[in-house]
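Which chain is which? The protein sequence lines are A and B, in order. Take the first sequence: its position 131, counting from 1, is numbered 130 in numbering that gives the first Met the number 0, and each next residue is one higher. Take the second sequence: its position 30, counting from 1, is numbered 29 in numbering that gives the first Met the number 0, and each next residue is one higher.
If you are wondering where the hints come from, they were derived from the structure by calculation, not from laboratory data. Yeah, the Cβ is synthetic: ideal placement off N, Cα and C, and Gly gets one too. There may be inaccurate statements among the hints.
Said to hold, decoys possible - Covered stretches of chain B (in silico footprint by chain A; criterion: 3 or more residues with CB under 8 angstroms from a CB of chain A, positions within the stretch not fixed): (1) 18–32; (2) 53–64.
Stated by the list, open to error - Covered stretches of chain A (in silico footprint by chain B; criterion: 3 or more residues with CB under 8 angstroms from a CB of chain B, positions within the stretch not fixed): (3) 13–25; (4) 45–52; (5) 90–99; (6) 123–133.
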Amino acid sequence: MAEPAIRRLLASDDTSRFRCGDQEYDLFLQRYAGQNQDRLFVGTTYAALDGPWVVGYVTVAVGQLDRDDVPSKVRGGLPRYPLPVLRLARLAVDEAFQGHGLGRRLAAYALAVALQVRAAAGCVGVVVDALPRRVSFYAELGFVELELTSGQSAIRPQPVAMFLPIGAVEAALPSSPMRRGSGAES
Amino acid sequence: MTHATQISAQISASAKQLLDEFSAVSGIKKNRIVEDALWFYVRARLELPESAMVPARMVLAERGAAAAERSMAPPPQATPALRRLMQTIERPDEA
Numbered sequence: 000m001a002e003p004a005i006r007r008l009l010a011s012d013d014t015s016r017f018r019c020g021d022q023e024y025d026l027f028l029q030r031y032a033g034q035n036q037d038r039l040f041v042g043t044t045y046a047a048l049d050g051p052w053v054v055g056y057v058t059v060a061v062g063q064l065d066r067d068d069v070p071s072k073v074r075g076g077l078p079r080y081p082l083p084v085l086r087l088a089r090l091a092v093d094e095a096f097q098g099h100g101l102g103r104r105l106a107a108y109a110l111a112v113a114l115q116v117r118a119a120a121g122c123v124g125v126v127v128d129a130l131p132r133r134v135s136f137y138a139e140l141g142f143v144e145l146e147l148t149s150g151q152s153a154i155r156p157q158p159v160a161m162f163l164p165i166g167a168v169e170a171a172l173p174s175s176p177m178r179r180g181s182g183a184e185s
Numbered sequence: 000m001t002h003a004t005q006i007s008a009q010i011s012a013s014a015k016q017l018l019d020e021f022s023a024v025s026g027i028k029k030n031r032i033v034e035d036a037l038w039f040y041v042r043a044r045l046e047l048p049e050s051a052m053v054p055a056r057m058v059l060a061e062r063g064a065a066a067a068e069r070s071m072a073p074p075p076q077a078t079p080a081l082r083r084l085m086q087t088i089e090r091p092d093e094a
């Protein structure tokens, strides 16, 4: 099986065969992802392609973390103004391509997009709406659970909002000076 | 704007700040920004089911704010799993 290429979703991409095991995620790709991206400009979807067919996707949108309701005693060192983030809203892989690392590649791709957003417009980190069964995967990557009072995803079952600071993403890059001498990875 | 009327609404301090700053930078009057934003929002909500929307604003609860602050404390740390994930990073295409 050739490795699917990943790029921004195009209107000409064929999403009709996509089946990930969750109909809501299939329907989102087939009906709403392009609309969100090209007409409403509220999110961008990056697609993994096997020929003309989409076999995986990740949808991201810019967002902000706000602390209006947080008492001053816990504001700590964070600024009062909203913090810009990239929200990883959906990630899904077609059943025929599951178990081959495509989901991990899409997650890495979204983190690379976050680095680009940071350079272009500012971004302090990534918030992922993690399905309950995927929380441990994101926790292993360093994401921490966020308790929100509003702005939760409406997907069901309710995802868990998790946060990863952009500094950690940069520190994980192969070229990062933060990696030199760590010897942690082979 | 024809048949203009007035509304009053309680909004967050940060939303008010965003409105003030955007109006100052863009030169667009605040009533026009509010009206345009409402049209965009309502149109989007009519065309998309709630589950297809990605809320742009997330308000942190007390524990959420503390967790975010702890995770952002320097120096930035990457877990071994994150390093492995980013080992074969692909350059996103230009939007």
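Mind checking, does the stretch 45–52 of chain A have 3 or more residues with a CB under 8 angstroms from chain B?
violated (count 1)
Given that the stretch 13–25 of chain A was listed as covered by chain B, double-check it with a C-beta distance under 8 angstroms for 3 or more residues.
That given contact is violated, which follows from only 1 residues of the stretch 13–25 of chain A lying within Cβ reach (below 8 angstroms) of chain B.
Coverage of the stretch 53–64 of chain B by chain A, judged on three or more residues with CB within 8 angstroms:
Answer holds; 12 residues pass the 8 angstroms Cβ test.
Can you confirm whether chain A covers the stretch 18–32 of chain B, using C-beta to C-beta distances below 8 angstroms and requiring at least three such residues?
Per the Cβ count (0), the hint is violated.
Between the stretch 123–133 of chain A and chain B, see if three or more residues pass the 8 angstroms beta-carbon test, and mark the coverage as holds or violated.
It holds, with 3 qualifying residues against the three required.
Are there three or more residues in the stretch 90–99 of chain A whose C-beta lies within less than 8 angstroms of some C-beta in chain B?
violated (count 0)
Hint violations for this structure: numbers 1, 3, 4 and 5, all remaining hints satisfied.
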